[in-house]
Amino acid sequence: MRFKEPDELKELIPLYLQGRLTRREREEFEEALRRYPDLQRELKEFEEISDVLRDLEKEVPPLDAEWVFRKTLQRIRNDGVIAKDPLLKRLTALLRGLFTSYRLSWGIVAVQCIIILLLVSRIPQNLPYKTLTTQSPQVTSGVRVNVVFKADARVEDVRRLLREVGATIVWGPSQEGLYIIKIERSKELKSILERLRDSPIVEFAERAY
Amino acid sequence: MAGHEARQWNLLKKISEGDEDAFKELYESTYRRVYLYLYRILQDRQTAEDILVETYTVVWKDAKRFRGASSPTSWIIGIARNLAMNELRRRQEHEEIDEKVVGTTDGVITRIEDHYRKKVLREAISKLSVKHREILHLVFYEELTYQEIADLLNMPVNTVKTRVFYAKETLKKVLTEMGVRRDEI
Numbered sequence: 001m002r003f004k005e006p007d008e009l010k011e012l013i014p015l016y017l018q019g020r021l022t023r024r025e026r027e028e029f030e031e032a033l034r035r036y037p038d039l040q041r042e043l044k045e046f047e048e049i050s051d052v053l054r055d056l057e058k059e060v061p062p063l064d065a066e067w068v069f070r071k072t073l074q075r076i077r078n079d080g081v082i083a084k085d086p087l088l089k090r091l092t093a094l095l096r097g098l099f100t101s102y103r104l105s106w107g108i109v110a111v112q113c114i115i116i117l118l119l120v121s122r123i124p125q126n127l128p129y130k131t132l133t134t135q136s137p138q139v140t141s142g143v144r145v146n147v148v149f150k151a152d153a154r155v156e157d158v159r160r161l162l163r164e165v166g167a168t169i170v171w172g173p174s175q176e177g178l179y180i181i182k183i184e185r186s187k188e189l190k191s192i193l194e195r196l197r198d199s200p201i202v203e204f205a206e207r208a209y
Numbered sequence: 001m002a003g004h005e006a007r008q009w010n011l012l013k014k015i016s017e018g019d020e021d022a023f024k025e026l027y028e029s030t031y032r033r034v035y036l037y038l039y040r041i042l043q044d045r046q047t048a049e050d051i052l053v054e055t056y057t058v059v060w061k062d063a064k065r066f067r068g069a070s071s072p073t074s075w076i077i078g079i080a081r082n083l084a085m086n087e088l089r090r091r092q093e094h095e096e097i098d099e100k101v102v103g104t105t106d107g108v109i110t111r112i113e114d115h116y117r118k119k120v121l122r123e124a125i126s127k128l129s130v131k132h133r134e135i136l137h138l139v140f141y142e143e144l145t146y147q148e149i150a151d152l153l154n155m156p157v158n159t160v161k162t163r164v165f166y167a168k169e170t171l172k173k174v175l176t177e178m179g180v181r182r183d184e185i
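Chains as they are written, first to last, in the numbering used here: chain A, 1 to 209; chain B, 1 to 185.
These aren't lab readings, by the way, just hints derived from the structure by calculation. Where a beta carbon is used, it is the ideal one built from N, C-alpha and C, also for glycine. One should not assume that every hint holds.
[Claimed, not checked] Selected chain B positions facing chain A (in silico; Cβ < 8 Å):
no.	residue
1	W9
2	R33
3	R45
4	W60
5	K64
6	F66
7	H137
8	Y141
9	M155
10	Y166
11	K173
12	T176
13	M178
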């Protein structure tokens, strides 16, 4: 059996201290300890450094492990490494994949084009358009008068007044509340205008030209 | 493979599938060692905590990349080491990271009176370079084999042995500089 040299034996010190040597290696090492004072000193130094490092552990500031773990999870979530819910995580990954896909963008454009073409092709060629605008009132007889009724005028009072002066509404109201009324008794225009102007429900009355 | 190591393997597999409970269990079984390692080389609680958060963020992200070349704990310490070294570089402390080769001093520690000896040793260790503190921690505290340390630090086993030797010699030199005379030892 070949005995190890002191330098080789020194390399075994950590393994000896950790109890990782085989029984035979340990016996050889302990025999060498008796023969080599240098090896004894080296072993003592290892033991002391080891002791000091373990002592130093007591001086390491305590760690709030729970807080660090929560902070880690928060960091991971903020980094988008995980979603809170595994299902949400898969959904997020799917949506992220969809919205970063060029194919999807072109697909959306194609679908929009198809919808527009379908709508255009279904419009009837002779559609009778109806709008909210009217043509200018065509009054063939009588005289036209511009009238603005007061904001608080009641409908029945307006109707009664128009009946009294023999007038009918031919247009209105405009956004400003202007009506055009037709007066059949044109010869009485002056008196009718005075009657209208004197009415408490009329703001403004003037012949229209 | 030891039982707890097999358990950690299994936890890493679950973490790679997004299992937060497994992540918490792995954290609880390893954070203490990782924190001690970080504190030992960084010597600052706040920075050690910050790097710890970063370390476990990387563990979560890279769990699927774990191939088992080392034990799960060594793998995590390896991640912590890379991040800590980056932090030290960022702080432009690389001069301190560099290994300082010094001359040997004969047996210094052995006969210092017990209480005084430990106080002096503590102070001396804190004065070592990051690499020397690290190697002493891995050998004497983590009790990793030279081969495991070589894998962790990505260097040949002989370099590990040399570094351990110089770390001890530097420690002796620091002790001498601190006024620990040979006749006091």
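Inset, instruction - Answer holds if the nearest beta-carbon of chain A is closer than 8 Å to that of T176 (chain B); otherwise answer violated. - result: violated (14 Å)
Legend entry - Status of the W60 (chain B) interface restraint (C-beta, 8 Å, chain A): holds (5 Å)
Inset, instruction - Have a go at the F66 (chain B) hint: is there a Cβ in chain A nearer than 8 Å to its own Cβ? - result: violated (16 Å)
Legend entry - Y141 (chain B) as an interface hint toward chain A, with CB separation required under 8 Å: Since the shortest Cβ distance to chain A is 5 Å, the answer is holds.
Inset, instruction - Tell me if H137 (chain B) is really an interface residue toward chain A, meaning its C-beta lies closer than 8 Å to one of theirs. - result: This hint holds: H137 (chain B) lies near chain A, its Cβ roughly 6 Å from the closest one there, short of 8 Å.
Inset, instruction - With chain A as the partner, please determine if W9 (chain B) meets the hint condition of a C-beta pair closer than 8 Å. - result: Result: violated, 21 Å to nearest chain A Cβ.
Inset, instruction - Return the status of the interface hint for K173 (chain B): holds when the least beta-carbon distance to chain A is below 8 Å, violated otherwise. - result: violated (14 Å)
Inset, instruction - May I ask you to test the interface hint for M155 (chain B) with respect to chain A, counting a Cβ-Cβ separation under 8 Å as satisfied? - result: violated (16 Å)
Legend entry - Restraint outcome when K64 (chain B) is required to lie within 8 Å of chain A by C-beta distance: Constraint on K64 (chain B) not satisfied, violated at 12 Å.
Legend entry - Residue hint R33 (chain B), partner chain A, criterion CB-CB below 8 Å: Not OK, violated: R33 (chain B) not within 8 Å of chain A, min 10 Å.
Inset, instruction - Report holds or violated for the interface hint on R45 (chain B), using the least CB-CB distance to chain A and a cut-off of 8 Å. - result: holds (4 Å)
Inset, instruction - Return the status of the interface hint for M178 (chain B): holds when the least beta-carbon distance to chain A is below 8 Å, violated otherwise. - result: With a closest approach of 14 Å, the M178 (chain B) hint is violated.
When the structure is compared with the earlier hints, violations turn up for hints 1, 2, 5, 6, 9, 10, 11, 12 and 13 and for no others.
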